[in-house]
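Chemist: Start from chain A and add chain B according to the hints.
Those protein sequence lines, which keep their order, are chains A and B. Read in this note's numbering, the first sequence has 143 at position 122, and its numbers run on one by one without any break. Read in this note's numbering, the second sequence has 989 at position 125, and its numbers run on one by one without any break.
Think of the hints as simulated: they come from the structure by calculation, not from any bench. Any given hint could turn out to be false.
Below, in silico cross-link-like pairs of lysine to aspartate or glutamate (EDC-like), each with a Cα-Cα straight-line distance of 20 Å or less [what the hints assert, rightly or not]:
1. K135/A with D62/A
2. K135/A with E933/B
3. K81/A with E1002/B
4. K63/A with E95/A
5. K914/B with E128/A
6. K1014/B with E1002/B
These numbers come from a predicted model, not from an experiment.
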Amino acid sequence: MLKLANTVRSGLLTSTIRNVRTLAPTVNPAEQQQVQAVLPDKLYSSIEIEYRGHDKAVLKSYTTFLQQVCQHLEIPQGRLEVLPYIRWVQPALRSKFVHKKYKLHYETRTHISKLEIQNVTGSTASTFLEYIQRNIPEGVGMRVGFTELQPLPLTIQN
Amino acid sequence: MLRYLQNVETHISHSYRQISTTSTLHKNRAAKTKSTSNRTQLLTYEMAQKPHHIGVRKSWLTWHSQNLEEFRQTQPLVVAQDEVVRRFIRGFFPQNLVVSGNEIVIKRRGNVLIVAGFLQYSRRLDIRRIYWMFGFAEEFLSILLKQPVKLELAFVESEEEVAYNYI
Chain A
22 MLKLANTVRS
32 GLLTSTIRNV
42 RTLAPTVNPA
52 EQQQVQAVLP
62 DKLYSSIEIE
72 YRGHDKAVLK
82 SYTTFLQQVC
92 QHLEIPQGRL
102 EVLPYIRWVQ
112 PALRSKFVHK
122 KYKLHYETRT
132 HISKLEIQNV
142 TGSTASTFLE
152 YIQRNIPEGV
162 GMRVGFTELQ
172 PLPLTIQN
Chain B
865 MLRYLQNVET
875 HISHSYRQIS
885 TTSTLHKNRA
895 AKTKSTSNRT
905 QLLTYEMAQK
915 PHHIGVRKSW
925 LTWHSQNLEE
935 FRQTQPLVVA
945 QDEVVRRFIR
955 GFFPQNLVVS
965 GNEIVIKRRG
975 NVLIVAGFLQ
985 YSRRLDIRRI
995 YWMFGFAEEF
1005 LSILLKQPVK
1015 LELAFVESEE
1025 EVAYNYI
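Next comes chain A alone, as it looks inside the complex (with noise of 0.2 Å):
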């Protein structure tokens, strides 16, 4: 029996012999004291969605139908704004060789508008995000920053 469990040992310690070594955590995690409170559910007081397209017109109606579904859901809204575009510009000769007064002008422009929504909780955000994502039109890039609200860590606060 003993000499089996010896086997089994050496066969484990061959098993996991690793090239890579990590040090072994010197305090249990469940004994470690706790320092952050446990909560049900996270909060966040305001999340910036900022939305960008070259089309001005599509931002515009983006921009009414999230309004809709913020009216419709009950979510808070925070201030929204409008940023001013980003211009783009590469003048090129418009003939193949010399004519240097004579140029084309290539532009895009990239306009970017914000929405803030303010105190949701978690499984809110990610629905109301999910289905607002899902409806984004082509062409519409997202960016979406959280802030969220937490207590003060427990040994601050004992």
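Modeler: Only chain B this time, still in chain A's reference frame:
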């Protein structure tokens, strides 16, 4: 040997003589349409608008968020995929193309790629065949691009229906 050569010579003399022609050097550029004397050149709405009308009177043929500022993560991939899709559609529906398949719109929405545009059925309308081809194209492109592809191609009777102007 000599007789053989003579034979060849007679053959050559019997064959037609033609003037070899090459295509003329046009100074045509993009979006510069050349009018005909009897106004038979078909122009769709897309072709009738000038490049500086893009984003004002007409819009883009591809819609995705990878060309936005600070959102360019896989832009080259998207461009390559667009070309693959366009070429496949052009090659797979050669009899049904309208204006040689230059106006296929590709839209990306989340993970889904949607191909929109017009096709014609002027030769014959075989609905079963068209459904099969749609299914095949969707399946093939989905497997190729590893993302769901949907065809939203509308059918018109003939090319004249998409005409906006004749010049």
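Chemist: Each hint should be assessed against the structure and marked as holding or not.
Modeler: Hint check:
1. K135/A with D62/A: violated (26 Å)
2. K135/A with E933/B: holds (15 Å)
3. K81/A with E1002/B: Answer violated: K81/A to E1002/B is near 32 Å, above 20 Å.
4. K63/A with E95/A: holds (19 Å)
5. K914/B with E128/A: It holds: about 15 Å lies between the C-alpha atoms, which stays within 20 Å.
6. K1014/B with E1002/B: holds (6 Å)
Hints 1 and 3 from the earlier list are contradicted by this structure; the remaining hints agree with it.
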